[in-house]
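J.: Listed below, chain by chain, are the residues.
Number of protein chains: 2
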Amino acid sequence: MQNFDFYNPTRICFGEGQIAKLADLVPQDAKVLILLGGSSARRNGTLEEVKQALGERPQFEFDGIEPNPTYETLMKAVAFIKENDVDFLLAVGGGSVIDGTKFVAAAAHYDGEPWEILQTFGAKVMSAMPFGSVLTLPATGSEMNSGSVVTRKSLKAKLPFMSPHVFPQFSVLDPVKTYTLPKRQIANGVVDAFVHTTEQYLTYPVGAMVQDRYAESLLKTLIEVGPKALATPEDYNVRANLMWTATCALNGVIGAGVPHDWATHMIGHELTALHDIDHARTLAIVLPSLLRHTKAEKKAKLLQYAERVWDITEGDDDARIDAAIEKTQAFFESLEIGTHLSDYELDESHLDALVDQLETHGMVALGEHQKIDLDASRAILKGAL
Amino acid sequence: MQNFDFYNPTRICFGEGQIAKLADLVPQDAKVLILLGGSSARRNGTLEEVKQALGERPQFEFDGIEPNPTYETLMKAVAFIKENDVDFLLAVGGGSVIDGTKFVAAAAHYDGEPWEILQTFGAKVMSAMPFGSVLTLPATGSEMNSGSVVTRKSLKAKLPFMSPHVFPQFSVLDPVKTYTLPKRQIANGVVDAFVHTTEQYLTYPVGAMVQDRYAESLLKTLIEVGPKALATPEDYNVRANLMWTATCALNGVIGAGVPHDWATHMIGHELTALHDIDHARTLAIVLPSLLRHTKAEKKAKLLQYAERVWDITEGDDDARIDAAIEKTQAFFESLEIGTHLSDYELDESHLDALVDQLETHGMVALGEHQKIDLDASRAILKGAL
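Protein chains in written order, with numbering that gives the first Met the number 0: chain Y, 0 to 384; chain D, 0 to 384.
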């Protein structure tokens, strides 16, 4: 096992009816800005429930944080906060709203041009405004971690940052709030959580037995609940397990003491930035091809994955690995998520621009061995045509 | 899944050499009291390493916290703290030293007779001194939770308390520090972690898929590393996995959103209080008999346990359950831990006093259904003769 430093102070209030707890979770004297994405929280009553729980506290709303939250939009929230002396932020939405709120929380305290927060991956964040979240979409895990991804539209750049200052103080997770989500978003959430898990699991063995088994627990649960979450949207327990699995996939527990490989995410980010493909779909495109490309390096863990997650025990090493990758890809497709670039009307002519973007963003040595250079990324994208 | 509230702000610094981090973890201007158990930390160099990392900070030492920390001893530490204006506590040792430090931290701030902290199970704790820990014995999980058990010798009472104010700020876990532990303590640690896990898992199903699989992950890991930890004490990875498993067994994660059954612990506590049997050994005595006694209520989870943890798939329900309980008992025995009261020279004549103690401490409705009354506890103890 590798050495690690684990810290996660976010409080989770999980279950039906937990939004009422905001009355105690948010400081009594807070001046609150509620940050929102599209109109769904307004339409389905979640916002009303939140406002009721906040009671007499002064409340403002900031609407329109995009699915891939943009620096341009978020900086408007920062200006609003300064004008109105807001002192507590409450994200109500999915991972994008929470990611956006993290950036706003850090940018409001940042001394300098806040784009630097992303250019330095969060290293220069020294403090942030306090905030909490009400999660409505199980997917990114942002509700219980200190990471965020922000897009700067004008530069077509999508960059991550991390800082211990941007853990949510609390997150409220009510599975009922996911009942009205479109199927497409639920399917995206399943894939997002799945790939978060593989990025921390499908590398090379370091003898981290708990972390490996925990990761396998999450993957098996996603395989079990994913299709049910699409088929029976109002099954509380299915949605509860999906929601908690997605949180656990990126709250630091399975990633402590093991190597990571965020190459699928980094390559995927460029597909979103250039072609506006849903984040999870970019992961479904990249992962199978990446696993085929890195089969040799990842051999031991792929064999473990084949046996423990997919119960594949027949055939030689190569056959078992291939079968596991195929099952992974078929699982994504079963959720009606295309796993080829051609499903999104992209072909070989689009590869150059994608690789150029990777170069621009310094993504030239990805993967757990830093061996995925630009040529390898091109080959992985080509493998996904 | 049941609703839950999860919060665990303890930072974990895990791995060889991490004690050096105390230099940053402890506030620079702190006046530190180091709390110790027996002489092992002094003998094996751990204390020296700790003192070196603390550097120029004013340091005191408080020795002699017992394996079952006593109110009588701990109150001396409280008096010392007040006399010397100590403002930070550092527990160096196993679960008993950390449990004791939690009580000291709460008692030093307590307005009233600190025994009330235990009489009210922590409900009246409104604040506590800040503290951290350096763990030397993997077992109790105290390094990453807010629970503590304290014995009052004069009353032969062993009582637990919990409070969000007594989470360690940090815990340093260096597996190398466990190399010199006696086999007996390692075996105890394996059993302690195992039973912590079953107390949160072997109840009734509530569809908590992640929590169940995580619990099974810990049990399987203990079954795998337990014997190796005894056979090859200096295998870093074995000790690392044992150490992290024991922490994960009681840090709140597997217990979130599921029913609990702490009956084995509560009955076991009386065995320690009256007959001074090691805590883990009392669990090994009580658990198999308790599972046999509650087979009907726990049927569904026992069947899941048989299949997923012990790979038992042959035979009818009863046979599979019996086999799983037998395997559990044999596992404890394989670690040279006696699972019968007779192994500790106790017989039927000792049962009355044990049951009386349970009554005195209000332990009259134990288990996940509060159905283990005094008669049931007597039957469980009798089943363990």
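Honestly, the hints are just simulated from the structure, not real lab data.
Among the hints, erroneous ones may be present.
What the hints assert, rightly or not - Taking CB as the label site, the calculated pair distances span:
1. Y:Pro129 with D:Lys20: 22 to 28 Å
2. D:Thr359 with Y:Gly54: 44 to 50 Å
3. Y:Gly54 with D:Phe59: 53 to 59 Å
4. Y:Glu15 with D:Arg377: 35 to 41 Å
5. D:Gln118 with Y:Pro129: 33 to 39 Å
6. D:Glu358 with Y:Thr231: 44 to 50 Å
7. D:Ala78 with Y:Gly54: 44 to 50 Å
8. D:Lys20 with Y:Arg42: 48 to 54 Å
9. D:Thr312 with Y:Asp86: 22 to 28 Å
10. D:Gly16 with Y:Leu384: 37 to 43 Å
11. D:Tyr6 with Y:Pro232: 26 to 32 Å
Idealized CB from N, CA, C, for every residue including glycine.
J.: It remains to establish, for every hint, whether it holds in the given structure.
T.: For each hint, the structure was consulted:
A beta carbon spacing of about 26 Å between proline 129 (chain Y) and lysine 20 (chain D) agrees with the range 22 to 28 Å that was offered as a hint. Between threonine 359 (chain D) and glycine 54 (chain Y) the C-beta distance comes to about 45 Å, which sits within the given range of 44 to 50 Å. Distance hint check: the CB atoms of glycine 54 (chain Y) and phenylalanine 59 (chain D) are about 48 Å apart, inconsistent with the given range 53 to 59 Å. Checked against the given bound of 35 to 41 Å, the beta carbons of glutamate 15 (chain Y) and arginine 377 (chain D), roughly 40 Å apart, stay inside it.
The given range of 33 to 39 Å is respected by glutamine 118 (chain D) and proline 129 (chain Y), whose C-beta atoms sit roughly 36 Å from each other. Here the CB-CB span from glutamate 358 (chain D) to threonine 231 (chain Y) is close to 48 Å, well matched to the stated 44 to 50 Å. At roughly 45 Å, the beta-carbon separation of alanine 78 (chain D) and glycine 54 (chain Y) lies within the given 44 to 50 Å, and the hint holds. Taking 48 to 54 Å as the suggested C-beta distance range, the pair lysine 20 (chain D) and arginine 42 (chain Y) conforms, at roughly 49 Å.
Distance hint for threonine 312 (chain D) and aspartate 86 (chain Y): a CB-CB separation of about 58 Å, inconsistent with the stated range 22 to 28 Å. Range check, glycine 16 (chain D) to leucine 384 (chain Y): about 47 Å between beta-carbon atoms, so the 37 to 43 Å window is missed. Separated by about 30 Å at the C-beta atoms, tyrosine 6 (chain D) and proline 232 (chain Y) satisfy the suggested range of 26 to 32 Å.
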